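One-letter residues, chain by chain:
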Amino acid sequence: MLTLECPYCGVKAEETELAAGGEAHLKRHGPGSSDEEFESYLFLRKNPKGVHFERWRHAYGCGKWFLAARCTATLEVFGTYPAQSKEPPAELQAKIKAKRPNWEGYK
Amino acid sequence: MSTRLSKGGRLIDRTKPLPFSFNGRGLQGYQGDTLASALLGAGQVLVGRSFKYHRPRGVMASGAEEPNGLVGLGQGGRFEPNQRLTTTELFAGAETASQNHWPSLEFDVGAINNRLARFFPGGFYYKTFMYPRAAWKHLFEPVIRRSAGLGRVPEARDEDRYEYAYAFADTVVVGGGIAGLAAALAAAEKGERVWLIEQTPHWGGRAVVDGVQIAGDEAEIWVKNTLQTLGKMKNVTLRSRTMAAGLYDHGYLLAYERVADHTPGDGRPRHRLWRLRAGRVIAATGAIERPLSFAGNDVPGVMLASAVRDYVVNWAVSPGDRTVIVTNNDDAYRTALALLDAGLSVPAVIDARPVAGGALPAAVRARGVRVLEGKGIAKVSGSKRVTGVSVCEHAGEGTELEAIACEAVAMSGGWSPVVHLWSHCGGKLLWDEARAMFRPDPDRAPTGADGAPMVRAAGAANGWLEAHEVMDCAHRAGGGKGSCPGAVAEEEAPMLPVWIMPQGAGPALRAKMFLDPQNDVKVSDVQLAAREGYESVEHTKRYTTLGMATDQGKISNINGLAVLSDALHQPIPATGTTTFRPPYTPISFGAIAGEARGAIFQPLRRTPMHDWHETHGAHWEPVGQWRRPYCFLRHGEGVHDAVHREIRSVRNAVGLLDASTLGKLLVKGPDAGRFLDMLYTNMMSTLPVGKCRYGLMCTENGFLSDDGVVARLSEDTWLCHTTTGGAERIHGWMEDWLQCEWWDWKVYTANVTEEYAQVAVAGPNARKLLEKLGGIDVSKEAFPFMEWREGTLAGIRARIYRISFSGELSYEIAVPASEGLALWNRLLEAGAELGVVPYGTEAMHIMRAEKGFIMIGDETDGTVIPQDLNLHWAISKKKTDYLGKRAQERSFMASPERWRLVGLETLDGSVLPDGAYAVAEGSNANGQRNMQGRVTSSYHSPTLGKGIAMGLVRHGPERMGEVLDFPTDNGKVVRARIVDPVFYDKDGEKQDV
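Top line first, the protein sequences correspond to chains A and B.
The working numbering applies: residue 1163 is where the first sequence begins, and numbers increase by one.
The working numbering applies: residue 5 is where the second sequence begins, and numbers increase by one.
Derived by calculation from the structure, the hints in this document are not laboratory data.
Among the hints, erroneous ones may be present.
One side only, chain B facing chain A, incomplete, derived with CB under 10 Å [said to hold, decoys possible]:
1) 193
2) 253
3) 279
4) 377
5) 430
6) 455
7) 736
8) 886
9) 887
10) 891
11) 895
12) 898
If you're wondering where the values come from, they're calculated on a predicted model, not measured in any experiment.
C-beta: ideal position from N, C-alpha, C; glycine also.
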């Protein structure tokens, strides 16, 4: 049962008050996109054993969506940050790189 | 016979005798007894039959690891099967009954299985019941079902209550032995919030039984003083009778407190399930003694050496006048000393080691006991009770050297650290060759949210078996500095790993060496599994059922995997252990359910008119967390008749539907119109203020997700109605897109579902009814179809939507929730002379089907796009984008082969079975009959006097008039014609009058 800190209300929230929302930083492909782009947007998901960026909603708290960087193997949480982010904060990326030198980046 | 000694017993209070019963026979124990010590004290050695062979079994252990002593406890609403004798405290009037036998414990017909044991080898189920195939269903399965399973299922409703509790701690120390106490003290002295939990009612663990000295005094005194110190510290919580069931991610620890098992019916909750969030966990969970595998090691009277010691010292119970000790280590000699101190006889200590030269063997020899070095037990004699043992060379094959008469055997095969908590969350183990044990690998501890280790093992749980090592390790685990109170005990010489005894035993002996007594798994079964190719310990476990019973192999697993390793000719660490999973010992279903039972199992959402419905014959239907009236039953009326009466009333007069549960989402802001254009398939930004529009919402995968009427309330505000079950989901869906994708759009949303009570007034008399209430002009000219008006109706502030889901003239009136019941009552009063009736969801469903309106969840199932339902008119061609648009452009979605909505009418007027499939010619690649459509909604229409249905059919709308075959469950075929799905008032004249 994970605990994640909600970056909006600052509380350490337990998994029971959170709702998981799958992989973060997906680019939406709408009308006009190729079949390959659309397939990748809708269906293709990373499934790493290691660092993963994901969407969570503080569903039974403030109701806000936020993003979390987490290791799927050890469940270590590297950090959480607002959903209104085009990419993970630079300092978070640096922190992960320091802890996981072989990490290939969030893309 | 076992018996009660005349003096001694640390834990019993002889001034408080407690009566109890076993299989209906009245017995007596003392306050402080467990059921096991009370039964042994009363001379009851035989306590049950084994699961598979129905062999007589007695108590083997004194704690959570007990495999044999399981009974049904209590009666009626307090009956529970499989209660472990060794961990259940005796209380006055306890009624216990043994399990797995018929007709009686002493004489059991099923014991024939024991004679036939060679026909029931490992994997017996998988091998035997293959052929003939029909026999499985009619012969094997019924017999197996009757004889499988441990104990009897309770039949009465549980009379007790249970609860959850939550707590947080910097450090949770699990285990109240000297290691746990020392670790908790060290952590508490640093100012940490500390929880110390112990599964038994008593503190001190083994040290207080084994005569350890701490800080120059008896361990008992140090334990008492330390408890006092901890008890006075505000940052420390002590909980006995509390077992750490499992450790989960990020320090989430589930602890099971047996609050009132020993005081049943005293009003307290029986069990409490603690959900602890621990900064770190110190596992001071001790170690469990291993049995030795010799023939007949399951005969009642054969016990673990430590258990014999516990019964003598803690409960003043003699296991028998003469106890033979068999061991591969020095610790078991403590049992000999305890027995001698109690005035009992130890005919011999049989030690598998070639030389037993340590201090403890010396002390035993000094008391005149024979120590037989390099020897083993060839077999135990006796069936319902030990009568003696045959001594052999451990190095040999089991030739009897001498027979020793005795009533009990105390065995010790060494100790296994309790590594369950360490392992639950990914902690790894290493094999300690010298001590023949798996112990926690400090370099591979389970880690927490910060990536740092979150568990430390302390004391025996970490592999330290000698008292001074235990104290030192625990003190450091707790974070203590400097030296800790010194502990002194007799030094122990190295042990000798012994996995079967004698080491060269042949097949006959191996087939009587029990590894897992609860599941009747023998050395021969594991060896057979290995010969048959089972190399993985996880596979062998499942094939032989080793370690799969309620004790989860606490005493059997290490011996089992050692035997498997030997059979596979590989070292033990190469075999590894099976996975340790929570709970450590079984926890009650009551504790898992907690308070969530009966009326508070889940919250019930009530509309403002709920109570009125309840008192007026509502036949309830659950819809999400709401209850909605399916129909309103009049006195003596059946459900079917009530539904049809309600429909006729609406069609001919006027009806009221409580529509308060409909989702109501307010969407507001400068970008609200643009946002709704993305959410709905049609245009909402162009909707004029004052008007309503029906809209569809799709997922990004193109499938229809929800529908409802949208009203534009002002220049920047829209009110979106959703389905009853969809309100929260669609609100979340809106927030997801606003927060995560279009976060620069200026839009607010609010779920106002419960702010309003809403009533649909439908039927030809609807307008007359509203006119009687007065306040708002509801004429056709002033208030056209698909518009809304605000004002005061019957003195109540109201917003009225002129929309229809029944096909009749209809107004949906929304008022503040607090005014809902008042409005409902005013409508009923004023409508009395107009023939008004309340109607329920089923009448609503049938009337919408008569009109060919779709229902989310009937016509849609997550694979249906709006185009399938001929809803092209509600899909904007002008918009460049909306959620689902790209998906609907995929070739499969645009295919003319998709099944599309039609009406279906049976040739004989009967009702088509809901969900029935229409068959086509030929069969598919799997040899199944081809399908060409299915029924999505089907009812008897009282309005039309015949069955009507909707369905999805390949090329459906192009095949009007064709007849399809629908085979039904009973082999008959129902024939139905494809027709227009609008059965009633095709031109929509009635709703627009």
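> What hints, given by number in increasing order, does this structure fail?
Replying inline: The structure breaks hints 1, 4 and 12; every other hint is satisfied.
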